[in-house]
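Participant: In the order they appear, the protein sequences are chains A and B.
Each step along the first sequence adds one to the number in numbering that gives the first Met the number 0, with nothing skipped, and position 68 is 67.
Each step along the second sequence adds one to the number in numbering that gives the first Met the number 0, with nothing skipped, and position 181 is 180.
Calculated from the structure, these hints are not laboratory results.
Virtual Cβ for every residue (Gly too), placed ideally from N, Cα, C.
Hints may be right or wrong, so weigh each one.
[Said to hold, decoys possible] If you want the ones that stay clear, here's a sample from chain A, every Cβ over 12 Å from chain B, calculated:
| hint | residue |
| --- | --- |
| 1 | Arg30 |
| 2 | Leu42 |
| 3 | Gly72 |
[What the hints assert, rightly or not] Mimicking SDA-like on lysine to any residue, the simulated pairs with C-alpha atoms at most 25 Å apart in a straight line are:
| hint | chain 1 | residue 1 | chain 2 | residue 2 |
| --- | --- | --- | --- | --- |
| 4 | B | Lys171 | A | Glu139 |
| 5 | A | Lys55 | B | Gln283 |
| 6 | A | Lys115 | B | Val128 |
| 7 | B | Lys195 | A | Cys141 |
| 8 | B | Lys250 | A | Val40 |
| 9 | B | Lys163 | A | Glu142 |
[What the hints assert, rightly or not] Example chain A residues on the side facing chain B (calculated, C-beta under 7 Å, incomplete):
| hint | residue |
| --- | --- |
| 10 | Phe50 |
| 11 | Tyr81 |
| 12 | Arg85 |
| 13 | Gly98 |
| 14 | Ala136 |
| 15 | Cys141 |
| 16 | Ala143 |
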Amino acid sequence: MSDATGFEPKIVAFVCNWCTYLGADLAGTNRLEYPPNVRIVRLPCTGRIDFNLIIKGFEMGADAVIVSGCHPGDCHYTAGNYHARRRWTLFRELLETLGFEMDRIHFAWISAAEGKKFQQFITEITEKTRALGPYTAYREICEAAR
Amino acid sequence: MIDQLRQTCRKLLEEGAVNVVIGYGQDKPSMMPHPVFITKPEETERLVWNDLCFANLAAYVTRKEIKALGKPAVIVKGCDERALVVLEQESQFTRDGIYVIGMACDGVGNPRAAKCASCAVRTPRYADVTIGEAKPATPAADGEFAQLDEFMKKTPVERLAYWKSEFSRCVKCYACREVCPMCYCTRQGGRCLVDKNRPTAIDTSATLKGNLAWHIARAFHQAGRCVGCDECTRACPAGINLRLLNQSLAKAAGRAFAYKAGMDPETPPVIGSYSLEDKENFIQ
């Protein structure tokens, strides 16, 4: 799996309990193979995913962060994903101003029926992140003593 | 203008229409005006008004100490009034629970503060009484977000390097929070997220990481709420340009949701509402 340098990307995925998590489950029961680089964190809703979690992901050593939830109209709690969508629209802008690498933060709508999409999405993000290399910029900040 | 202001406030206090006037006082002409809280009619002579009245007094109306005094009258400029509008949207007070004295303002600071170049409200619109007359607002020649647009021309690596050097000076005095009218969590006996430690939500260590964590949290909790009064930037003893971060969120809210904080009390807050038609070109 690893390339010449031995780099294996670490990816953390914050996913919704009602859709993407079941999509990942479906990928599993269908024996769809996807890279083992992704660590899935299950949350009740994309509306629950605090912006600090994304930052925390990078702090804990993630090279890319994924946020995935229900398609518009499918939210178990009616509107959690709509609220999340607004929040991420603005939060992305803030991260961009701060100089975070935006190609390491990914958003997707993956339903419980989309095991195939989950497989493809994770594979694509893993390959992209592998090409980008380790995300050192934020980790340098974390390690910087005052 | 000062006489009219003092008379208005004196009358309000004498009639008992309000219990306290939140205004500007100045100890010496050589000193900066500062907030004063006038409870007696004869003390209204202490009130001043000039182009150094920077402080956003909307920050005081949510304080429990002020609420304990009874109905306040608050002296606001156009930008401060936008903050009142946001606070009212967020049910921090009822409109008839406060008396708003609007000051027509041609800008503060000498030379004028950066925010005044793109001022949208020179004359407060929802005030109970408006004092003075201001020149009509003229849009800034190079756009409201000129400083931000210039900054965004840098590469992400340069931008991060800039913020690293800015935030390395942060001493976590939280002056940016204390002057902000939107940071009212601590003012009513509550706690700011950064002060909560069971569990710790935001790293509070005196390191670059802790400083960055605070500034991300502060900026994003202002998303769609910051009215751009720039008090945080003015209060910062380390001279950190917080204006840029606030502007990036204000610009995003304007571009994505056609929203400008504090312009219309009837519009639902941008975070806290949603539309089925919101754009999502960044979501796969």
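Participant: For a quick check of understanding: which of the numbered hints are violated here, in increasing order?
Facilitator: 3, 6, 8
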